[in-house]
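Engineer: The chain contents come next:
2 protein chains.
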Amino acid sequence: MTKVSIIGSGNVAQHLIQAFQLNSQIELVQVFARNKKSVAHLLDSDAITSDYSQLQVADVYIIAVSDDAIAEVSSQLPFENQLVVHTSGTADLDTLHEKNRKGVFYPLQTFSKNKAVDFKTIPLCLEAENKTDLQLLKTIAHSISNAIYEINSEQRKALHVSAVFVNNFVNHLYQIGNEICEDNQIPFDILKPLIQETANKIVTLSPKQAQTGPAKRNDLKTIAAHEQFLTDDNQATIYKLLTQSIQNNGKKL
Amino acid sequence: MTKVSIIGSGNVAQHLIQAFQLNSQIELVQVFARNKKSVAHLLDSDAITSDYSQLQVADVYIIAVSDDAIAEVSSQLPFENQLVVHTSGTADLDTLHEKNRKGVFYPLQTFSKNKAVDFKTIPLCLEAENKTDLQLLKTIAHSISNAIYEINSEQRKALHVSAVFVNNFVNHLYQIGNEICEDNQIPFDILKPLIQETANKIVTLSPKQAQTGPAKRNDLKTIAAHEQFLTDDNQATIYKLLTQSIQNNGKKL
Numbered sequence: 001m002t003k004v005s006i007i008g009s010g011n012v013a014q015h016l017i018q019a020f021q022l023n024s025q026i027e028l029v030q031v032f033a034r035n036k037k038s039v040a041h042l043l044d045s046d047a048i049t050s051d052y053s054q055l056q057v058a059d060v061y062i063i064a065v066s067d068d069a070i071a072e073v074s075s076q077l078p079f080e081n082q083l084v085v086h087t088s089g090t091a092d093l094d095t096l097h098e099k100n101r102k103g104v105f106y107p108l109q110t111f112s113k114n115k116a117v118d119f120k121t122i123p124l125c126l127e128a129e130n131k132t133d134l135q136l137l138k139t140i141a142h143s144i145s146n147a148i149y150e151i152n153s154e155q156r157k158a159l160h161v162s163a164v165f166v167n168n169f170v171n172h173l174y175q176i177g178n179e180i181c182e183d184n185q186i187p188f189d190i191l192k193p194l195i196q197e198t199a200n201k202i203v204t205l206s207p208k209q210a211q212t213g214p215a216k217r218n219d220l221k222t223i224a225a226h227e228q229f230l231t232d233d234n235q236a237t238i239y240k241l242l243t244q245s246i247q248n249n250g251k252k253l
Numbered sequence: 001m002t003k004v005s006i007i008g009s010g011n012v013a014q015h016l017i018q019a020f021q022l023n024s025q026i027e028l029v030q031v032f033a034r035n036k037k038s039v040a041h042l043l044d045s046d047a048i049t050s051d052y053s054q055l056q057v058a059d060v061y062i063i064a065v066s067d068d069a070i071a072e073v074s075s076q077l078p079f080e081n082q083l084v085v086h087t088s089g090t091a092d093l094d095t096l097h098e099k100n101r102k103g104v105f106y107p108l109q110t111f112s113k114n115k116a117v118d119f120k121t122i123p124l125c126l127e128a129e130n131k132t133d134l135q136l137l138k139t140i141a142h143s144i145s146n147a148i149y150e151i152n153s154e155q156r157k158a159l160h161v162s163a164v165f166v167n168n169f170v171n172h173l174y175q176i177g178n179e180i181c182e183d184n185q186i187p188f189d190i191l192k193p194l195i196q197e198t199a200n201k202i203v204t205l206s207p208k209q210a211q212t213g214p215a216k217r218n219d220l221k222t223i224a225a226h227e228q229f230l231t232d233d234n235q236a237t238i239y240k241l242l243t244q245s246i247q248n249n250g251k252k253l
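Going down the list, the sequences are from chains B and Z. Quick note: the first sequence uses the working numbering, first residue 1, plus one each step. Quick note: the second sequence uses the working numbering, first residue 1, plus one each step.
Source of the hints: derived by calculation from the structure; they are not laboratory data. Among these hints, one or two may not hold up.
Treat identical chains as interchangeable: a pair holds within one or across any two.
[What the hints assert, rightly or not] BS3-like cross-link-like pairs, simulated, lysine-lysine; straight-line CA separation at most 27 Å: (1) Lys120 x Lys138; (2) Lys115 x Lys216; (3) Lys221 x Lys99; (4) Lys157 x Lys138; (5) Lys208 x Lys131; (6) Lys138 x Lys251; (7) Lys208 x Lys192; (8) Lys99 x Lys120; (9) Lys157 x Lys36; (10) Lys192 x Lys216; (11) Lys37 x Lys221; (12) Lys240 x Lys208; (13) Lys36 x Lys192; (14) Lys138 x Lys192; (15) Lys208 x Lys221; (16) Lys37 x Lys240; (17) Lys208 x Lys157; (18) Lys120 x Lys192; (19) Lys99 x Lys208; (20) Lys208 x Lys251; (21) Lys221 x Lys157; (22) Lys157 x Lys120; (23) Lys240 x Lys251; (24) Lys216 x Lys157; (25) Lys99 x Lys3; (26) Lys36 x Lys240; (27) Lys115 x Lys192.
For clarity, every value in this text was computed on a predicted model and none was experimentally measured.
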């Protein structure tokens, strides 16, 4: 049975702990948490340590901490030549200390503390320095997810930028939609079916094929009416820029 | 039984025809289509006319044509003082010719020609000049949808602008994410679970609560790395503007 230890106690660490606990092919050996209480609701206390020197032998150590802490945490590990991976979308492979074999185990999803996720559908992006380690990461990944991808560090950076566009920026547009509704005494609920359908459409159509609206059909009259309607400078600037981008098919004028 | 006639044969008209055919509380009297073939797959030929003078008596006439054609079509109707409504998110109530009683029956959804929709979940935005007409529109709306809203013309304009943000602009951000993936040999499929979860999150959280990412946590190092990564001017300009907007919580600097 493959032995996994998790170092960290935040959002990603907690979701990984729960995913590994649900399957029988992986033995979750230990969790390292500076504050043992932070994961006490998930594990027996003897499976939690806050002392690096107490770390037990495992086949892979998954460091699930904030990007800024990866280098420091990986340098603290009291062993060498083991497989140590991080879970970051942005950190280079070389952020990990060179005394161990390096890898990446990056779940591409937005995790909320109190919202359960079905790990089976979460894409896991894997990277390792050699084929044996990559194979081991694949085995572990397949035990919790059906969506496994080999992604190198350069691709992972691109993926993370893409994720900012389709997740962070999209959510911000939801917020602007919400604010326009609120300013006009319209319940935001009215937009939710449209938001769902917009996300559903691109399961079967490419975003280019799915594009509709005044900018796409170059309906200058409606665009002018919308620009006149938007008295908030920030909303108007975003409206103009994204309208132009759609009109130019994603290219700069 | 309430009698409805539909004038028009495009996307919205066809989805409405199918929704009314599925329920027994509404009698779909007739469809007016300039080109009778365009709806011949949906109706018996004797229920289709391309001649205004052949329009039969109905309780309401739903004009589902492009915004630009509403005024002309409504002026062509060979009767007076009937209830005539349009289905547009942008056209004023007064776009309809004054010889009839005016109203709006606006389904807020993105319709694709070959993709079935569950009309029950589609918000219908209703407006009329008097209570009796509004009540009639409500009865008709309830027969095909569970989401009925009274929305006046000014609110409808706001709603349409909001819809551009959460549908057209969001889809364009999907396209940019897709392009960044393609440029880096990453399958776009890897982003789809994230896109779905982003849309799902705001069913239970407000967009403001759901906001995450480098801009939200003011992670200047990651933002700088992303800006350096984006060599496409258009993508970089959009990245900067939306990052600033998140940092300023949707307000202009």
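Engineer: First find the shortest C-alpha distance between Lys221 and Lys157 inside one copy, then the shortest across copies, and answer within, between, both or neither for a cut-off of 27 Å.
Structural biologist: between (40 Å within a copy, 13 Å between copies)
Engineer: Up to 27 Å between alpha-carbons, please classify Lys208 paired with Lys251: within, between, both or neither.
Structural biologist: within (13 Å within a copy, 29 Å between copies)
Engineer: Classify it for me, Lys37 with Lys240: is the Cα-Cα distance of at most 27 Å met within a copy, between copies, both or neither?
Structural biologist: Intra 49 Å, inter 39 Å, cutoff 27 Å: neither.
Engineer: Is it within a copy, between copies, both, or neither that the alpha carbon of Lys157 lies no farther than 27 Å from that of Lys36?
Structural biologist: Answer is neither; intra-copy 32 Å and inter-copy 54 Å both fail.
Engineer: Given a CA cutoff of 27 Å, do Lys115 and Lys216 count as a within-copy pair, a between-copy pair, both, or neither?
Structural biologist: between (36 Å within a copy, 20 Å between copies)
Engineer: For Lys208 and Lys131, with the copy left unspecified, which applies at a CA distance of at most 27 Å: within, between, both, or neither?
Structural biologist: Neither way: Lys208 and Lys131 sit 37 Å apart in one copy and 43 Å across, limit 27 Å.
Engineer: With 27 Å as the alpha-carbon cut-off, assign the pair Lys216 and Lys157 to within, between, both or neither.
Structural biologist: between (30 Å within a copy, 19 Å between copies)
Engineer: Please sort Lys115 with Lys192 into within, between, both or neither, judging by C-alpha distance up to 27 Å.
Structural biologist: both (19 Å within a copy, 19 Å between copies)
Engineer: For the identical chains here, do Lys138 and Lys192 meet the 27 Å Cα criterion within one copy, between copies, both, or neither?
Structural biologist: between (37 Å within a copy, 21 Å between copies)
Engineer: Tell me, please, which holds for Lys36 and Lys240 at an alpha-carbon limit of 27 Å: within, between, both or neither?
Structural biologist: So Lys36 and Lys240 fail the 27 Å test inside a copy (50 Å) and across (40 Å) alike.
Engineer: First find the shortest C-alpha distance between Lys221 and Lys99 inside one copy, then the shortest across copies, and answer within, between, both or neither for a cut-off of 27 Å.
Structural biologist: between (64 Å within a copy, 26 Å between copies)
Engineer: How would you classify Lys240 and Lys251 at a CA-CA limit of 27 Å: within, between, both, or neither?
Structural biologist: both (14 Å within a copy, 16 Å between copies)
Taken one by one, the earlier hints fail for this structure at numbers 5, 6, 8, 9, 11, 13, 16, 19 and 26, listed in ascending order.
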